[in-house]
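Asker: Put together the whole structure using the sequences plus the hints.
Numbered per the numbering used here, the sequence shown spans residues 1 to 646.
In case anyone wonders, no lab produced these hints; they're calculated from the structure.
Computed from a prediction, not measured in an experiment: that's the story for all the values here.
We treat Cβ as the ideally placed atom computed from N, Cα and C, and that holds for glycine.
Careful: at least some of the hints might be erroneous.
As the list claims (entries may be wrong) - Derived BS3-like pairs (lysine-lysine); straight-line CA-CA distance at most 27 Å:
hint : residue 1 : residue 2
1    : K507      : K544
2    : K104      : K63
3    : K253      : K104
4    : K378      : K253
Stated by the list, open to error - Here are the in silico distance ranges between beta carbons for each label pair:
hint : residue 1 : residue 2 : range
5    : D505      : F209      : 30 to 38 Å
6    : Q146      : E54       : 52 to 60 Å
7    : E231      : N254      : 41 to 49 Å
8    : E509      : Y452      : 28 to 36 Å
9    : E580      : E54       : 44 to 52 Å
10   : N26       : R585      : 13 to 21 Å
11   : K253      : D205      : 31 to 39 Å
12   : P255      : L493      : 24 to 32 Å
13   : D204      : E224      : 17 to 25 Å
14   : D258      : N211      : 15 to 23 Å
15   : P255      : T459      : 17 to 25 Å
16   : E374      : E323      : 54 to 62 Å
17   : N211      : I162      : 20 to 28 Å
18   : E509      : T459      : 17 to 25 Å
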Amino acid sequence: MTEDTELKMRFDLNVLKHLGLKMYTNLPAVISEYVANAWDALAETVHVEIPQNESMNPDYEIKIIDDGTGMTKREINDEFLVVGRNRRQDEGKDVVEIEDKERKVMGRKGIGKLAGFGVADIVQLRTVKNGEFVEFELDYGEMREQAREDPNATTTYNPEIIAEGETNESSGTEVTLRNLDRDQRPNPEYVVQRLSRRFSVLSDDFQVFVNGEEIKGTQRNLKERCQFKREYNNVAIGSDGKYTIDGWIGTLKNPVPDNIEGGVAVMARGKTVQTPITFGVAEGGTRGQMALQYLVGEVHADFLDEEEDLIATHRTEVLWEKEPAKHLREFIVAEIEEICSEWPEKRRDEQMEEIREEEPYERYINPLDEKERELADKFLGKLAKQGDYDDDTIGEMASYVSSGVQQKSFRDLLKKIEQSDISNTERLVELFDQYEVLDAMNSLRIVRGRYYAIQKFETLVEHGDADIDDLHGFVGDNPWLIDPRWDYLDEELDVRQEIHDNFNDTKIESRVGFISLGDGDTVRLVDIRHPNHVINAEDLSQFKSYIDYLRSVSDLPPIDNREVEGYLVAKEAKESREVENEIRRMKMDDMRIRSYDEIKDIARRSHKAFLQVFERKAERTDSQMLRTHLNEGGQLGLDDFVAGEF
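Answerer: Right, dumping it as structure tokens:
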């Protein structure tokens with residue numbers, strides 16, 4: 001039978017705030033602590049439930065359920081409710097074992113149980129062991145009220161026992177987080193991404209599921225996605241070689257995406273003890289510093305969590321000033337610096353090999369005669385090894401070189417660059433100044449073209465109904481009007497059709513139409529409203545439903561696991577607190593509102609920045625040719641446009 005005793009927890013309020021509310025401020029970190037507890041309880045499966053068919057309301061709750069050993073009422077009092085209990089020290093061992101199972105314990109400081117208070121006011125637990133269950137609740141509001149007379153004094157808190165008794169259930173523990181401190185529903189994919197990098201023990205013996213889907217090892221296996229990498233197997237560090245590490249550090253082919261934490265993570269006992277960082281390498285002006293944008297890695301160093309505790313209280317940062325952590329930091333810094341130093345040449349060599357096999361090279365360079373092709377090829381090869389260009393630059397340059405290589409002045413420039421001494425920095429700067437002039441004039445022609453496009457856009461907006469179909473097509477052909485970064489995006493008709501097929505409210509008088517623009521990572525749904533339409537709360541709710549639907553089917557065509565963003569374009573938004581507050585919330589969830597006036601202002605600001613760059617180049621290179629082109633643009637109205645007088 002269950003023991004007839006009350007539950008007791010001794011704490012002081014300031015410690016509770018520091019160890020719960022301040023240290024665990026994001027949901028993945030909180031869930032990680034309960035997953036670690038499940039590992040220590042010899043669980044084989046952990047199920048995280050983050051409801052997606054409910055809105056955020058007082059009844060919304062998140063559950064973490066494991067099939068571990070569970071706890072008796074005595075164990076709850078003597079172990080779980082003891083804040084700061086050092087399990088390894090109290091039990092005289094750092095492993096947990098039962099029958100044929102044995103695991104190294106992840107927990108150490110006895111504070112992970114407080115993690116829930118970082119995101120929720122109430123942490124409810126139901127635990128089963130030896131045919132008996134206990135269900136109780138930790139209420140931060142009650143604890144705070146009980147201790148308010150003296151926050152520094154130690155207080156005894158009696159958690160409410162909701163139910164207890166005998167049961168036929170298997171052992172395990174269920175943690176429920178309630179009264180969450182957030183306005184938006186959590187994103188399960190974000191939680192999966194973070195959990196996948198926090199644990200290296202995920203396997204058939206320890207499975208973690210989020211909303212029924214298992215977090216696979218492949219989701220955290222960044223190593224296989226690296227373009228270049230170094231691997232470490234039992235590598236000794238420090239002067240005496242007493243400590244060893246395993247792991248890898250590498251660079252991805254593309255910059256680390258926003259949904260992955262860039263840098264090198266450090267793990268001990270299968271759990272992250274240092275979230276990914278670049279160890280301050282960028283501060284030293286390292287050669288090849290752009291490589292840091294591509295850098296990922298995972299170093300396993302169990303010694304950090306064995307004898308002396310070298311991990312900060314919140315368990316996501318190593319105390320690097322202490323030894324032997326200091327030696328590990330020196331090792332990682334040296335590796336990152338060497339990787340960065342080697343990265344530019346390695347990357348450019350591989351990039352040039354790829355370029356020679358790609359369509360732009362085939363189209364623009366191969367048709368040239370032998371001498372021109374050789375000259376262009378040498379130039380592209382040399383350019384590929386200079387500076388830090390993005391992946392598309394060399395391909396674009398192939399087109400530019402093929403058109404310019406037939407001009408004598410440009411051919412002379414290429415020869416000068418080819419013949420130049422790479423160590424003669426001043427000469428290289430002089431030659432590239434000449435190249436910048438040509439490049440700037442080419443870019444200036446693009447700016448002029450966009451200037452004419454913006455004039456056309458303003459005319460369409462002013463005419464309203466007369467040219468409404470033209471407005472829809474025009475924005476689709478010129479997506480940079482919505483966002484200057486959208487230079488080369490394809491319209492994806494399948495996504496637009498998906499909305500029409502699943503919603504009956506798409507054909508309304510105020511809507512001009514949808515445009516769906518996509519690339520390899522993101523789908524952007526643009527809802528274009530009439531130039532005279534004022535956005536109201538119903539419009540916002542309707543638009544959110546479209547985006548939420550596309551995200552709900554993100555694992556299926558045509559979304560294909562890409563991020564989904566939304567843009568709603570109209571004359572303006574209604575001036576009301578409800579609408580303004582909702583727009584702010586939507587912006588945090590990648591749903592933005594654009595007025596037609598804002599579109600014109602954004603275009604004006606971005607093109608003003610273009611002209612300022614050209615003017616500085618004209619001044620620095622003393623190019624009369626570039627000055628002439630700028631003056632011609634001013635005569636056409638460009639200066640008045642960017643000054644806001646157009």
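Asker: Confirm or reject each hint.
Answerer: For each hint, the structure was consulted:
1. At roughly 16 Å between alpha-carbon atoms, K507 and K544 fall within 27 Å of each other, so this suggested pair holds.
2. Distance check on the hinted pair: K104 and K63 sit about 25 Å apart at the alpha-carbon level, within 27 Å; holds.
3. Proximity of K253 to K104 is assessed by CA-CA distance (about 36 Å); at most 27 Å being required, the pair is judged violated.
4. Taking the CA atoms of K378 and K253, the gap is near 24 Å; set against the 27 Å cutoff, the hint holds.
5. The given range of 30 to 38 Å is respected by D505 and F209, whose C-beta atoms sit roughly 36 Å from each other.
6. Here the CB-CB span from Q146 to E54 is close to 31 Å, at odds with the stated 52 to 60 Å.
7. Checked against the given bound of 41 to 49 Å, the beta carbons of E231 and N254, roughly 21 Å apart, lie outside it.
8. Roughly 31 Å separates the CB atoms of E509 and Y452, a value that falls within the hinted 28 to 36 Å.
9. At roughly 25 Å, the beta carbons of E580 and E54 sit outside the given window of 44 to 52 Å.
10. Under the hint 13 to 21 Å, the C-beta atoms of N26 and R585, about 18 Å apart, fit the expected range.
11. Evaluation of the 31 to 39 Å hint for K253 and D205 yields a pass: the beta carbon distance comes to about 33 Å.
12. Range check, P255 to L493: about 29 Å between beta-carbon atoms, so the 24 to 32 Å window is met.
13. A C-beta distance of roughly 20 Å is found between D204 and E224, which places it inside the suggested range of 17 to 25 Å.
14. Between D258 and N211, the C-beta spacing of about 22 Å keeps the proposed range 15 to 23 Å intact.
15. Separation of P255 from T459 is about 39 Å and departs from the stated range, judged on CB atoms against 17 to 25 Å.
16. Judged by the Cβ atoms, the range 54 to 62 Å given for E374 and E323 holds: they are separated by roughly 57 Å.
17. As the Cβ distance of N211 to I162 is approximately 25 Å, the hint placing it in 20 to 28 Å holds.
18. For the pair E509 and T459, the beta carbons lie near 22 Å from each other, so the given range of 17 to 25 Å is met.
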